[in-house]
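Asks: Those protein sequences? They're chains A and B, same order as listed. Here the first sequence is numbered in the working numbering, starting from 1227 and rising by one per residue. Here the second sequence is numbered in the working numbering, starting from 319 and rising by one per residue.
Everything labelled a hint here was simulated from the structure, so no lab data went into it. Keep in mind it's a predicted model, so treat the numbers as computed, not measured. Glycine is no exception: its CB is placed at the ideal position from the N, C-alpha and C atoms. Some hints here could point you the wrong way.
If the Cβ cut is set under 8 Å, some of the chain B residues that face chain A in the computed set are [as the list claims (entries may be wrong)]: (1) Leu366; (2) Ile368; (3) Tyr394; (4) Thr412; (5) Tyr416; (6) Gly421; (7) Thr422; (8) Gly423.
No more than 20 Å apart at the CA atoms, straight line, and that leaves these computed lysine to aspartate or glutamate pairs for EDC-like [what the hints assert, rightly or not]: (9) Lys427(B) / Asp345(B); (10) Lys386(B) / Asp1332(A); (11) Lys417(B) / Asp1332(A).
What follows is a list of derived Cβ distance ranges for each label pair [said to hold, decoys possible]: (12) Gly414(B) / Gly1287(A): 31 to 41 Å; (13) Val1288(A) / Arg379(B): 30 to 40 Å; (14) Asp1291(A) / Glu374(B): 41 to 51 Å; (15) Gly359(B) / Leu1252(A): 44 to 54 Å; (16) Glu1248(A) / Ser388(B): 36 to 46 Å; (17) Gly359(B) / Cys1239(A): 43 to 53 Å; (18) Asp385(B) / Ser1244(A): 40 to 50 Å; (19) Lys1281(A) / Ala328(B): 31 to 41 Å; (20) Leu1252(A) / Ser346(B): 43 to 53 Å.
Now for the letters of each chain:
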Amino acid sequence: GAVVSQHPSWVICKSGTSVKIECRSLDFQATTMFWYRQFPKQSLMLMATSNEGSKATYEQGVEKDKFLINHASLTLSTLTVTSAHPEDSSFYICSARLAGGRRGTDTQYFGPGTRLTVL
Amino acid sequence: KQEVTQIPAALSVPEGENLVLNCSFTDSAIYNLQWFRQDPGKGLTSLLLIQSSQREQTSGRLNASLDKSSGRSTLYIAASQPGDSATYLCAVYTSGTYKYIFGTGTRLKVLA
Chain A
1227 GAVVSQHPSW VICKSGTSVK IECRSLDFQA TTMFWYRQFP KQSLMLMATS NEGSKATYEQ
1287 GVEKDKFLIN HASLTLSTLT VTSAHPEDSS FYICSARLAG GRRGTDTQYF GPGTRLTVL
Chain B
319 KQEVTQIPAA LSVPEGENLV LNCSFTDSAI YNLQWFRQDP GKGLTSLLLI QSSQREQTSG
379 RLNASLDKSS GRSTLYIAAS QPGDSATYLC AVYTSGTYKY IFGTGTRLKV LA
């Protein structure tokens, strides 16, 4: 099946620094990728939709200047958490959309996640 | 706006019991529905994916059903084992938006 990777799998940083997380589709091209955030004991919340070659679209309440998304190629999207603070500590998961050739076969494949801890 | 709810929020059962986890969604215009398992501190493991045209999918001891018209899906786990202990999430892929909306999750604990 389709594989999506994330790097790094975990990262610890100091408050005020920026952190970049990569999401790659390994064996398919993804014109659209998605970024989710999960706080402890909570479900996944969609943050933004990353579109190859164009600006990302953000969900309501997500600061676009804080969470910078770049989708420079059909297999790579990056999420940069700028000026990170302890409240940004979370589990970040990406997914990549595999567009279906037939109606009803469109789906997404999820990465293994990146745990960010901001001290 | 699609909303996904899972009941119960938590469940603790003795080993060997058959279980039913419930997922309901408000917008029936979906491409598919997927059930995931998540172990503590880990990512998502896809268990079953049901296309909008399908009624159920089976994998080993797991069976998922989909009733799109009523906005419901159930995950049936047969002969539960301690290794089944995890959080189970359902996610609905809504037509037109190409977004997965996740449910609130069910935390399952199977006691030996």
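Asks: Hint by hint, say whether it matches the structure.
Replies: Hints versus structure:
1. Leu366: 12 Å, violated
2. Ile368: 11 Å, violated
3. Tyr394: Violated - the Cβ of Tyr394(B) stays beyond 8 Å from chain A, reaching only about 21 Å at its closest.
4. Thr412: Hint on Thr412(B): violated, closest Cβ of chain A at ~11 Å, above 8 Å.
5. Tyr416: 6 Å, holds
6. Gly421: 6 Å, holds
7. Thr422: 5 Å, holds
8. Gly423: Holds - the Cβ of Gly423(B) comes within 8 Å of chain A, reaching about 5 Å at its closest.
9. Lys427(B) / Asp345(B): Given pair Lys427(B), Asp345(B) is violated - Cα atoms ~30 Å apart, limit 20 Å.
10. Lys386(B) / Asp1332(A): 17 Å, holds
11. Lys417(B) / Asp1332(A): At roughly 11 Å apart (the allowed maximum being 20 Å), Asp1332(A) and Lys417(B) satisfy the hint.
12. Gly414(B) / Gly1287(A): 31 to 41 Å: 22 Å, violated
13. Val1288(A) / Arg379(B): 30 to 40 Å: Since Val1288(A) and Arg379(B) have Cβ atoms about 38 Å apart, the given range 30 to 40 Å holds.
14. Asp1291(A) / Glu374(B): 41 to 51 Å: 45 Å, holds
15. Gly359(B) / Leu1252(A): 44 to 54 Å: 23 Å, violated
16. Glu1248(A) / Ser388(B): 36 to 46 Å: 41 Å, holds
17. Gly359(B) / Cys1239(A): 43 to 53 Å: 18 Å, violated
18. Asp385(B) / Ser1244(A): 40 to 50 Å: At roughly 46 Å between Cβ atoms, Ser1244(A) and Asp385(B) fall inside 40 to 50 Å, so the hint holds.
19. Lys1281(A) / Ala328(B): 31 to 41 Å: 40 Å, holds
20. Leu1252(A) / Ser346(B): 43 to 53 Å: 34 Å, violated
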